[in-house]
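Colleague: Below, each chain spelled out in residue letters.
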Amino acid sequence: ENVLSQIRYFESSQRNPFLVPAAALGVGGVLVYWLRSGHKIKTIEMGDGWWGSGKRPPKGKEDESIRPFKIETSDKEIEDLHYRLDRFRYTPPLEGAAFHYGFNSNYLQKVVAYWRNQFNWRKQVEVLNKYPHFHTTIEGIDIHFIHVKPHYVPHGRAVQPLLMVHGWPGSFYEFYKIIPMLTEPAEHSLNDGDIVFEVICPSIPGYGFSEAPHQKGFDSKAAARIFHKLMNRLGFKEYYLQGGDWGSRITIDMAQMLPQSVKGLHLNLIFIPIRGLRKILSVMLGSYVPWLVGLSREDVQRMYPFIQKNFYELLQESGYLHIQATKPDTAGCGLNDSPVGLAAYILEKFSTWTDKAFRQKDDGSLESKYSLDELLTNVMIYWVTSSIVPSMRFYKENISKDPTLTADARVGVHVPTGIAAFPQELAHTPHVWAKEVFKNIITYSYMPQGGHFAAFEEPKLLAQDIIKFVRKVEKL
Amino acid sequence: CSFFAGIMLLEIFLVLGAVIIYFLLPKKKEETLPFKEGWWGKGEKPDTEEDTTIWPFKVQTTEEELSDLFRRLDQARFTEPLENSCFHYGTNSVYLKKVISYWKNQFNWKKQVEVLNKYPQFKTKIQGIDIHFVHVKPPRLPEGQSAKPLLMVHGWPGSFYEFYKIIPLLTDPASHGLSDEHIFEVICPSIPGYGFSEAPHKKDFNSVSAASIFYELMLRLGFNEFYAQGGDWGWLICTNLAQIAPSHMKGLHLNLASVTNVGFTHLLSILLGCYFPGLFGFQDEDVRRMFPFLKKGLYRILLESGYAHIQATKPDTVGCGLNDSPAGLAAYILEKFSTWTNLEFHNLEDGGLERKFHLDDLLTNIMIYWVSGCIVSSMRFYKENMQKGLGTQKHERLTVQVPTGIASFPNEIMHTPQAWAQKKYTNIVSFHFMPRGGHFAALEEPKLLAEDILQFVGKVEKEQLWRKK
Numbered sequence: 001e002n003v004l005s006q007i008r009y010f011e012s013s014q015r016n017p018f019l020v021p022a023a024a025l026g027v028g029g030v031l032v033y034w035l036r037s038g039h040k041i042k043t044i045e046m047g048d049g050w051w052g053s054g055k056r057p058p059k060g061k062e063d064e065s066i067r068p069f070k071i072e073t074s075d076k077e078i079e080d081l082h083y084r085l086d087r088f089r090y091t092p093p094l095e096g097a098a099f100h101y102g103f104n105s106n107y108l109q110k111v112v113a114y115w116r117n118q119f120n121w122r123k124q125v126e127v128l129n130k131y132p133h134f135h136t137t138i139e140g141i142d143i144h145f146i147h148v149k150p151h152y153v154p155h156g157r158a159v160q161p162l163l164m165v166h167g168w169p170g171s172f173y174e175f176y177k178i179i180p181m182l183t184e185p186a187e188h189s190l191n192d193g194d195i196v197f198e199v200i201c202p203s204i205p206g207y208g209f210s211e212a213p214h215q216k217g218f219d220s221k222a223a224a225r226i227f228h229k230l231m232n233r234l235g236f237k238e239y240y241l242q243g244g245d246w247g248s249r250i251t252i253d254m255a256q257m258l259p260q261s262v263k264g265l266h267l268n269l270i271f272i273p274i275r276g277l278r279k280i281l282s283v284m285l286g287s288y289v290p291w292l293v294g295l296s297r298e299d300v301q302r303m304y305p306f307i308q309k310n311f312y313e314l315l316q317e318s319g320y321l322h323i324q325a326t327k328p329d330t331a332g333c334g335l336n337d338s339p340v341g342l343a344a345y346i347l348e349k350f351s352t353w354t355d356k357a358f359r360q361k362d363d364g365s366l367e368s369k370y371s372l373d374e375l376l377t378n379v380m381i382y383w384v385t386s387s388i389v390p391s392m393r394f395y396k397e398n399i400s401k402d403p404t405l406t407a408d409a410r411v412g413v414h415v416p417t418g419i420a421a422f423p424q425e426l427a428h429t430p431h432v433w434a435k436e437v438f439k440n441i442i443t444y445s446y447m448p449q450g451g452h453f454a455a456f457e458e459p460k461l462l463a464q465d466i467i468k469f470v471r472k473v474e475k476l
Numbered sequence: 001c002s003f004f005a006g007i008m009l010l011e012i013f014l015v016l017g018a019v020i021i022y023f024l025l026p027k028k029k030e031e032t033l034p035f036k037e038g039w040w041g042k043g044e045k046p047d048t049e050e051d052t053t054i055w056p057f058k059v060q061t062t063e064e065e066l067s068d069l070f071r072r073l074d075q076a077r078f079t080e081p082l083e084n085s086c087f088h089y090g091t092n093s094v095y096l097k098k099v100i101s102y103w104k105n106q107f108n109w110k111k112q113v114e115v116l117n118k119y120p121q122f123k124t125k126i127q128g129i130d131i132h133f134v135h136v137k138p139p140r141l142p143e144g145q146s147a148k149p150l151l152m153v154h155g156w157p158g159s160f161y162e163f164y165k166i167i168p169l170l171t172d173p174a175s176h177g178l179s180d181e182h183i184f185e186v187i188c189p190s191i192p193g194y195g196f197s198e199a200p201h202k203k204d205f206n207s208v209s210a211a212s213i214f215y216e217l218m219l220r221l222g223f224n225e226f227y228a229q230g231g232d233w234g235w236l237i238c239t240n241l242a243q244i245a246p247s248h249m250k251g252l253h254l255n256l257a258s259v260t261n262v263g264f265t266h267l268l269s270i271l272l273g274c275y276f277p278g279l280f281g282f283q284d285e286d287v288r289r290m291f292p293f294l295k296k297g298l299y300r301i302l303l304e305s306g307y308a309h310i311q312a313t314k315p316d317t318v319g320c321g322l323n324d325s326p327a328g329l330a331a332y333i334l335e336k337f338s339t340w341t342n343l344e345f346h347n348l349e350d351g352g353l354e355r356k357f358h359l360d361d362l363l364t365n366i367m368i369y370w371v372s373g374c375i376v377s378s379m380r381f382y383k384e385n386m387q388k389g390l391g392t393q394k395h396e397r398l399t400v401q402v403p404t405g406i407a408s409f410p411n412e413i414m415h416t417p418q419a420w421a422q423k424k425y426t427n428i429v430s431f432h433f434m435p436r437g438g439h440f441a442a443l444e445e446p447k448l449l450a451e452d453i454l455q456f457v458g459k460v461e462k463e464q465l466w467r468k469k
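Respectively, the protein sequence lines represent chains S and H.
Just so you know, UniProt numbering puts 262 at position 262 of the first sequence, and the rest follows in order with no gaps.
Just so you know, UniProt numbering puts 396 at position 396 of the second sequence, and the rest follows in order with no gaps.
Honestly, I wouldn't trust all of these hints.
[What the hints assert, rightly or not] Cut-off 20 Å, straight-line C-alpha distance, at most; resulting in silico cross-link-like pairs (SDA-like, lysine to any residue):
id, chain 1, residue 1, chain 2, residue 2
1, S, LYS229, S, PRO57
2, H, LYS295, S, ILE399
3, H, LYS203, S, HIS100
4, S, LYS401, H, GLU304
5, H, LYS97, H, VAL113
No lab work stands behind these hints: they were computed from the structure.
In this text, all values refer to a predicted model and were calculated from it rather than measured experimentally.
Bound conformation, chain S alone (with noise of 0.2 Å):
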């Protein structure tokens, strides 16, 4: 009978003939906001800055002229550094101290011993100048940035634009090897060709030879910003970005500032805060019932003992981030003046962020993953830009913004996100958690060997899980 009346009533409200069109109005109008409101991604700000010494030059036009140029080198140089390397003061270690009080000085005479006698700076300047570099001011400073295009391109392939962003120690020099796995993959067997790319890796503003900030506050949204104004600069609406260390904070910065830019994100380290109830019960449950709360078994065999592995571990390993973050001019003050200390800081991180294991080894097991030339060249880049300082100041600028080094976790991740997780990584995150900022993670893969220097140590996995994860996206 309730049924019944409510026919009548529905009946006698169809005569109304301003009801129903008001009411298809008003869901139709819902809906329309609804989708249009799920469609909107947040971004954070992306603001603006000036880095050049002294006051913002009056509202003229910077010169946005895009400058080659090659590194160079001279005999006085080559001399004063020479010179420095044979007065070096040598500490003798404590007796079975091996890399557990840091470096040990034993073996860092054996490095010196080739650096001042066997290793050729003019040699490897011409390795680093056999890609094309560049300079191009921005925001008053000036950027600098290899760019290396594929030699040949079948017609109609589309080459995808990569922007590839180093960390600390680290530099440009990084990605050497891996550039031409992704310029010309068919050479190293890695695909048909089907997937090329053109490659850009800026060095960040003070380090190697970009020039470092004059005022104070430059962190990684300036750097996110600075690298999408130079990729417009050249020319493209839309690339892929790829980064580890700070290049993995300010690849994702870049992805949350402007997402239409950003058809995908590859990284190979991440770190998610270990905050919130959740969180800290998957973790006490983890290791027990992983999946109950979505870990993988690979996950809890990388993540656990937990304490072990990402507390104490962690504190055991972040001393130069404390006083980096907190007294960066102070810290680099020697390492600017003395070549072999700056190695010794610098080579230490080689060796154990890619295994911690190599601690008890007393070379720190360094020539079993690099050769001599290759660490060393990446040091010559610090000494002779005088950039240790500068590159150091980068800590404070983050740290003392935001300690946790995160990602905006309200605005989340929202372009397509490739995550590959090496297993000898600092600290492991695994995908569950991942999700919570990465809202659209295309492929994540647990690769079978290498550390924090990815590109530099294994450019083979990491090229082949760049491909895979571009592969994927461009189906989309």
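Guided by the hints, dock chain H onto chain S, whose structure is given.
Modeller: Just chain H now, with coordinates in the frame of chain S:
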């Protein structure tokens, strides 16, 4: 109603009973810290008996040493500071260049070496390594008075030289306007790995090892009873010494009294201390120095402890460049003499260094690190002490029963109230809020520190407090 009264009375009795029982129960027997045997020389310990001779030592320099230093200073490579950054990013390189210029052109190391040598210095081998120390006896003693032995231990990045201004105030107080009721003979050793003391060649040389070595030193010098004074690492070493040999130590004077064993009551007092200071034993001055706690405690520690974090984990890495670049060494050490003297000095372009210190003194201290090449071994001390984490070592859980005097300077990095200190130092005879001064008390405010030491010793001697332990 009477039922409730009954319940209340029962509760009161229970509480009272518990309190009485707690106080009456025999306290756990106070443990002493065992003397730490060790052998720190190179290679295997020889079978022969250790040579216990004490031989005189003089600091020396050579032309070669000086010209090498000047060459390095001439070739120093600096990085422009960020605009308007003062000392917020660390030592300002514009000011550092001025210091380097003074160092090259006006500082006279040969003259400073003579200054260093004005006090008699010696070396002796203990546990396999050569221990350097200064030993200053009073120039004159009034009839019937004997000099009281006083061991003074420096810290990082300081040295025995920090005591050069205060030594005359203690060995010859009358000539400096102080009461000569108590006169001291002062022994200032260099911690192994610092200055002219040999660095340990083996791992695990911590504060208890240093305290054991200094204990042997005092015995070897023929002192059966002595006083000890310290700040920075000197605080910890002298504290350990008081725990190892309480029957030999008449009194312990500290200008730093950190608490590493933080417990629930500490946390509670941090949360509520500024609202109920009396409840936690805080005085007005304690509250003024400690709160707001986030700003004056936690953030300050985080901001200023980067050096300790890296030195406690990778000393050989961080010290490497500093042993090769005198400019880098100076920047690293001077930053502490600025910030730890007054945190506000961050905001000055010259770090306020010359407001409280003379460049000659600052550079002499730095030269001690430079000519002895000891920066790396000095940093290893952090790892050996802190590697296993704060609050985990046995000596941190033990108390100190030796009569203690604490001089609490206002610009010390973190303030420790008496309420916290007395949990560890159970026999605090004097605790004074000093009117001014920071971390490097002996160098910055020698007269204030000397006066506090004298009044403390006065109290201990008057009531013969060391006998009452």
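Colleague: Sort out which numbered hints this structure fails and list those numbers smallest first.
Modeller: The structure conflicts with hint 5 only, although it agrees with all the remaining ones.
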